[in-house]
Structure formats: structure tokens, C-alpha cells
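Make a model of the complete structure from these sequences and hints.
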Amino acid sequence: MSVDPGLELRQVRTFVAVAERRSFTRAAQDLHLAQQAVSQQVKALERQLGVTLLRRTSRSVEVTHEGLVFLGDARRLLAAADRASRRVRAAARGTVGTVRVAYTLTTAWDTIPKLLERLLDVHPELKVQAREVWGGEITDVLAAHRYDIALAPATSYPSDFERRAIRREELCLALSARDPLARRRQLSLTSLGDRQLELWPREMAPGFYDAVVAACRAAGLEPTRDEHAAGNTVWGSIARGRGVGLVNASLAQQCPAGVKLVRVAPPRPMLSVDAVWQECDSPAIGTLMGAARELAQELSWL
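Sequential numbering from 1 applies to the sequence shown in this note's numbering.
There's no promise every hint is true.
Listed next, the in silico EDC-like pairs over lysine to aspartate or glutamate satisfying Cα-Cα at most 16 Å (straight line) [stated by the list, open to error]:
#1 K43 x E66
#2 K127 x D148
#3 K114 x E279
Honestly, the hints are just simulated from the structure, not real lab data.
Have a look at this one:
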């Protein structure tokens with residue numbers, strides 16, 4: 001819609017009110033204005049457009065042909081202005097627009113789906129662009145402004161990064177289904193004996209790596225570690241019985257055939273998941289964090 005830059009929305013709104021009510025008096029009452037002010041605004045609009053929009057008689061107000069043509073566009077103009085006003089206020093609250101989220105495998109099967117579902121339900125106009133990355137990439141992708149926020153196991157970040165814990169999740173043992181220990185309901189880490197620990201290299205997943213190693217050391221265990229696996233090859237090594245793994249419990253939904261998760265005997269090791277972002281003024285981050293806090297409270301994530 002092409003809009004005359006000289007048009008004033010208050011004059012357009014006043015004209016629409018008079019045209020719809022067919023009365024200056026009733027329009028003035030609706031707009032909480034003096035009748036003289038209503039008349040002056042309509043006359044100013046007519047001068048701006050160079051046409052007569054309303055024909056005044058002693059008994060009524062008639063909308064001219066030109067007025068009827070303008071009325072339809074005027075209604076659309078006002079609706080667009082109202083919509084723009086609502087959207088910019090919503091953008092300031094972080095409830096419309098786009099938020100770009102990076103996440104790691106540890107959050108892919110439970111945390112991220114629940115968070116995205118909550119945002120869609122509560123803030124349907126907020127578009128979320130989410131992509132899985134390795135934990136070791138997070139500092140770089142946030143610093144390069146490729147993403148607004150990331151969800152990953154807790155680790156250290158540059159001083160200008162903000163982080164908040166959103167979830168603590170139990171770590172479970174991942175064993176080959178053929179391993180006799182896989183039939184147990186729970187296991188102590190020391191019962192692993194000399195089994196090799198399959199683990200993604202620290203540069204790929206620093207927070208996850210540190211949590212697993214810390215859990216083993218807390219149990220007095222310093223297992224042989226295979227840190228050369230990448231991606232799904234870890235699962236393959238475990239399924240073939242080459243070693244065992246420690247993974248967060250929600251990854252049970254992703255375990256391939258041949259791998260079984262078994263709980264660790266108390267004290268159970270935990271993995272802390274953080275939301276991480278670089279200092280910025282994106283209101284959408286606050287909206288996402290609000291949804292994460294709600295879920296943490298409802299689902300006892302923390």
C-alpha cells in the first residue's frame with residue numbers, strides 16, 4: 001500500500017470513525033474528542049488529499065464516492081499500523097522475530113524438543129532456528145554471531161559470555177547388550193574392572209568430557225580411555241563390546257540396537273547443562289530463558 005507521507009494516522013482514524021458512525025457527534029464520543037476537533041481533523045485530511053470525503057447535511061453525514069474509495073484503504077492502513085505497533089512491542093519483549101539456537105547431542109533428544117515445543121505453544125510468532133553442533137564449537141559460533149544462544153554441558157567460556165544452568169541430568173552407563181553387566185539394574189563404576197571407556201575427544205565435547213572424567217575420578221576410577229572415536233562411532237564401539245560409555249539418561253531414546261543403558265549406583269553422577277550466550281541485547285534470549293526456567297520448575301530439571 002502506497003501511503004502519502006503527509007497523512008496523519010490520527011486524522012485517518014477520525015475520518016474512519018465519522019464514516020462508520022455517519023455522525024460527527026457519535027464519532028467524537030467514541031474518540032473522546034470535542035466535536036470541533038473531529039471536524040477540524042477531517043477538514044485537514046480533505047485538504048491534504050484534495051478531495052471531499054464527507055458531505056455534511058443538517059441531519060446526517062454522507063460518505064462521498066471518493067470517501068468510500070478511501071475508506072477501504074484507510075481501514076487497511078490503520079490495521080497495518082496497529083499490527084506494526086503490536087509487533088514492535090512484542091519484539092521488544094522478545095516474543096516475535098527469530099532466535100538462533102545451537103545445541104549439543106546431550107540436549108537433542110529431550111531438552112531441546114521440550115523447549116522448542118514450549119516456545120511454539122506460548123510464543124508462536126517467535127521463530128527458532130536450531131542446529132546441532134559440537135560443544136567445542138560453541139565459543140566460536142557465538143563469538144561469530146552465527147547463533148544467539150547455545151545449550152551444552154557446563155564448561156568454561158570467555159569472560160564476556162553469560163551462562164545459566166537449565167538442567168542437571170543423571171549419567172548412566174552405556175554397555176554392550178551382550179555384556180553380562182548389562183543385565184544389572186544398577187552398577188557401581190568400580191565394577192567396570194578394566195573395561196575401556198569410550199569417549200569423544202575433549203576438543204569436540206569439553207563439558208561432557210570433563211563431567212565423565214570427573215565422575216570416574218570421584219569413584220576412584222581412572223579407566224583406560226579411547227578418545228579417538230568421533231560421532232556415532234562411539235556407539236558402534238560400545239555395541240561391539242570394545243568398551244563402555246557414560247551418557248546422559250535422556251539419550252536412551254537414541255541408543256542403537258546392541259547398546260543398553262544401566263543406572264549408576266548412588267551417589268549417581270550428574271551432568272549439568274548450561275544455556276550460554278555472549279553479552280547482547282536480544283530480548284528473545286530472555287524469552288527462551290523464561291521458557292527454560294518454567295520447564296526446569298515443572299519437570300524438576302534443577
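Hint check results:
1. Distance restraint check for K43 and E66: the Cα-Cα separation of roughly 14 Å lies within the 16 Å cut-off, and the hinted pair is therefore satisfied.
2. For a cut-off of 16 Å, the pair hint linking K127 to D148 stands: about 13 Å separates their Cα positions.
3. As the CA atoms of K114 and E279 are separated by approximately 25 Å, the hinted pair breaks the 16 Å bound.
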